[in-house]
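Residues per chain, in single letters:
Protein chains: 2
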Amino acid sequence: VVSTGPVTRVQAPEVVRLGIEVLRAARTPLDNALIQVQQLVEADLCGRPSHGMQRLPTLVARIANGVLDPRAAPVVEVRAPSMILIDGRSGLGPLAAHAAVDELLRAAGEAGIAIATIRGAGHLGMLAPYVERLASEGLVGIGLTTSEALVHPAGGRVALIGTNPIAIGIPAEPHPFVLDMSTAAISAGEVMAHADRGQPLRDGCAVDGEGRPTNDPAAALEGAISPFGGPKGYGLGLGIELVVALLTDTGVGTDVRGTLDTDRLSTKGDVFIAIHPDRLGGSAAGERLTGYLDSLRISPPAPGFERVLIPGDRMREERRRRGAEGIAYPAAVWRRLVELREQPQGAGRV
Amino acid sequence: VVSTGPVTRVQAPEVVRLGIEVLRAARTPLDNALIQVQQLVEADLCGRPSHGMQRLPTLVARIANGVLDPRAAPVVEVRAPSMILIDGRSGLGPLAAHAAVDELLRAAGEAGIAIATIRGAGHLGMLAPYVERLASEGLVGIGLTTSEALVHPAGGRVALIGTNPIAIGIPAEPHPFVLDMSTAAISAGEVMAHADRGQPLRDGCAVDGEGRPTNDPAAALEGAISPFGGPKGYGLGLGIELVVALLTDTGVGTDVRGTLDTDRLSTKGDVFIAIHPDRLGGSAAGERLTGYLDSLRISPPAPGFERVLIPGDRMREERRRRGAEGIAYPAAVWRRLVELREQPQGAGRV
Numbered sequence: 500v501v502s503t504g505p506v507t508r509v510q511a512p513e514v515v516r517l518g519i520e521v522l523r524a525a526r527t528p529l530d531n532a533l534i535q536v537q538q539l540v541e542a543d544l545c546g547r548p549s550h551g552m553q554r555l556p557t558l559v560a561r562i563a564n565g566v567l568d569p570r571a572a573p574v575v576e577v578r579a580p581s582m583i584l585i586d587g588r589s590g591l592g593p594l595a596a597h598a599a600v601d602e603l604l605r606a607a608g609e610a611g612i613a614i615a616t617i618r619g620a621g622h623l624g625m626l627a628p629y630v631e632r633l634a635s636e637g638l639v640g641i642g643l644t645t646s647e648a649l650v651h652p653a654g655g656r657v658a659l660i661g662t663n664p665i666a667i668g669i670p671a672e673p674h675p676f677v678l679d680m681s682t683a684a685i686s687a688g689e690v691m692a693h694a695d696r697g698q699p700l701r702d703g704c705a706v707d708g709e710g711r712p713t714n715d716p717a718a719a720l721e722g723a724i725s726p727f728g729g730p731k732g733y734g735l736g737l738g739i740e741l742v743v744a745l746l747t748d749t750g751v752g753t754d755v756r757g758t759l760d761t762d763r764l765s766t767k768g769d770v771f772i773a774i775h776p777d778r779l780g781g782s783a784a785g786e787r788l789t790g791y792l793d794s795l796r797i798s799p800p801a802p803g804f805e806r807v808l809i810p811g812d813r814m815r816e817e818r819r820r821r822g823a824e825g826i827a828y829p830a831a832v833w834r835r836l837v838e839l840r841e842q843p844q845g846a847g848r849v
Numbered sequence: 500v501v502s503t504g505p506v507t508r509v510q511a512p513e514v515v516r517l518g519i520e521v522l523r524a525a526r527t528p529l530d531n532a533l534i535q536v537q538q539l540v541e542a543d544l545c546g547r548p549s550h551g552m553q554r555l556p557t558l559v560a561r562i563a564n565g566v567l568d569p570r571a572a573p574v575v576e577v578r579a580p581s582m583i584l585i586d587g588r589s590g591l592g593p594l595a596a597h598a599a600v601d602e603l604l605r606a607a608g609e610a611g612i613a614i615a616t617i618r619g620a621g622h623l624g625m626l627a628p629y630v631e632r633l634a635s636e637g638l639v640g641i642g643l644t645t646s647e648a649l650v651h652p653a654g655g656r657v658a659l660i661g662t663n664p665i666a667i668g669i670p671a672e673p674h675p676f677v678l679d680m681s682t683a684a685i686s687a688g689e690v691m692a693h694a695d696r697g698q699p700l701r702d703g704c705a706v707d708g709e710g711r712p713t714n715d716p717a718a719a720l721e722g723a724i725s726p727f728g729g730p731k732g733y734g735l736g737l738g739i740e741l742v743v744a745l746l747t748d749t750g751v752g753t754d755v756r757g758t759l760d761t762d763r764l765s766t767k768g769d770v771f772i773a774i775h776p777d778r779l780g781g782s783a784a785g786e787r788l789t790g791y792l793d794s795l796r797i798s799p800p801a802p803g804f805e806r807v808l809i810p811g812d813r814m815r816e817e818r819r820r821r822g823a824e825g826i827a828y829p830a831a832v833w834r835r836l837v838e839l840r841e842q843p844q845g846a847g848r849v
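Chains as they are written, first to last, in the working numbering: chain A, 500 to 849; chain B, 500 to 849.
Keep in mind that the hints were calculated from the coordinates and are not lab data.
Being a predicted model, the structure only gives us computed values, none of them experimental.
One or more hints might be untrue.
Incomplete in silico selection of chain B near chain A, CB under 7 Å [claimed, not checked]:
no., residue
1, S581
2, V657
3, I667
4, I669
5, P673
6, L678
7, P776
8, A783
9, Y791
10, L795
11, F804
Virtual Cβ for every residue (Gly too), placed ideally from N, Cα, C.
Next up, chain A with everything else stripped away, as it sits in the complex (with noise of 0.2 Å):
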């Protein structure tokens, strides 16, 4: 651990341990809280400390509430070859995410397309693991997750739409091709983030409480924010919203809670669907596939650009650098980590 002014840089196995030990003392068993934290380093790593161990004290909060059982492990019921729906049973999110991915590959490779609900689990953290794990094996995957109504709808002002993700894996060569992305212009993190520091939010991020643009973080935490794209941005999330809430029966808009709160049953859902290119007839299309990736690569960048970047390549390089250098944290995030190992009996806190 080396603290530089308000900068703590912390390498990735001593954060796992500091993880654990937090989960453990909050009665979660080893293999569950291993799951749990490593998803969100994987998130600090690759640079999204919107999903990483900043959630920490939340979820240690909601398990100290009840709202959170980091015991329970999701109930899997594959009601047909294709079709997998799963319970959370108000447990940790990865643990749910990872039976949806083990069900996945089982059940793609069988019947070529297949889908997993998830209702009742704490939150995924990022998608992109998940969708990743898809690929790595061959399997095209989609990933979609709805959470708290913070964005307004094109041509409205009232936060009515969650962030709602995207994640799409794809098989290539080097690696996967990974996006994860949320259908918001900027996290809820980082518009609280520009607040403590004073710096202007870029254009089409937020509207104030009347609903006209704004720059000014403070004002946005007033009103809501955008969706990214325009209407466009705004349609896909929406459709996102409702064919999550609809597949998995859990909340729409303002009634989607249990991951930013730390007293609320989650009402949020999750759905993964993969589908099998080889039984498809799409293998050939493999090795074009990476040359074609590699033609994006190389293809001469626009002013002020160094290069062209695929999605994933940036998260990729991300996990290496902090991989060897360690992570850095706001040094009041880290101490708040320390904090709670070492006053478990105060978890409850937040």
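Fit chain B to the supplied structure of chain A, relying on the hints for placement.
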């Protein structure tokens, strides 16, 4: 037919009649002509002229040049209960797409989820009618298509990615949710229309030949169209390119041909996925969805907006209005269609 200045207003049934006569003269069986023309007129009714009757001259030229076979019937292979492979046999796109929907309606009811891949079919037209058919029968429908490379990657400058649309249909009352959007910031047809009118493009629509953002439509024609929504829209469009190419074993990037030109076989692909909410236990969510969509519609609009729209709402209103008032074609477009009917021997010219 009412011509006022540069616009000719025609009732939909008369447009259909003209379209059928044109295709009949180009050796198209009546049933096939009807399905193709209905799909084109539907786009004009919905206010999407880029997918409407203005494409008919290209179709006729493609038939004359032997790269589109108007008599071909798609060949359907049901490889597994949830896997349908369709070979369009270089025939009309809407025949293959409706065959996919027919099969999916049956297959998704049995398997819960099913996928249909299409290769070797002509341009499908708007995806909306296909996913709307699935949604009207109670299914979640997803449609993905590749198309000619007109879009540059985020941070790049060369057109290497299709305008790759995604469509999502979801059952709801009183009518389904229907999203049908390209992943490009603007269509090529709109860029050309702006160039004709000497009208500047909105910000973010295109780059010039050097990769610099431009509002000049003439410069855009020398450059490339931008993805909608920056890096996220780029990631989504690229994801669609890869998924469709891999699952249908069709072209990627600049290898995709056969929807805009008149002399190349179709090398694009199409994918439809249908999911049965009732089989997954999601039927109870249907009523909540309808209430949620209504809560969005009545939510307060942002300044400068009259109301909040749900994807599909405007399309439906436009269809109703033009169904009553007739379709307003640019006089030159309508004249070209009438010429096509009157000089079928010259149909090969475009």
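Status of each hint after checking the structure:
1. Proximity of B:S581 to chain A holds as hinted, the smallest CB-CB distance being about 5 Å (cut-off 7 Å).
2. Hint status for B:V657: holds, given a least beta-carbon distance of 5 Å to chain A, under 7 Å.
3. Given the 7 Å rule on beta carbons, the hint for B:I667 holds: about 4 Å separates it from the nearest Cβ of chain A.
4. Among the interface hints, the one on B:I669 holds; its C-beta lies about 5 Å from the nearest C-beta in chain A, closer than the 7 Å criterion.
5. Given the 7 Å rule on beta carbons, the hint for B:P673 is violated: about 15 Å separates it from the nearest Cβ of chain A.
6. Interface restraint check: B:L678 against chain A, minimum CB-CB distance 4 Å, threshold 7 Å, status holds.
7. Annotation: B:P776 was flagged as interfacial toward chain A, and the flag holds, the nearest CB pair being 5 Å apart, inside 7 Å.
8. Interface restraint check for B:A783: the shortest CB-CB distance to chain A comes to about 5 Å, inside 7 Å, so the restraint holds.
9. The beta carbon of B:Y791 comes within 4 Å of a beta carbon in chain A, closer than 7 Å, and the hint placing it at the interface holds.
10. Given the 7 Å rule on beta carbons, the hint for B:L795 holds: about 5 Å separates it from the nearest Cβ of chain A.
11. Given hint, B:F804 at the interface with chain A, holds; its Cβ is 4 Å from that chain's nearest Cβ, closer than 7 Å.
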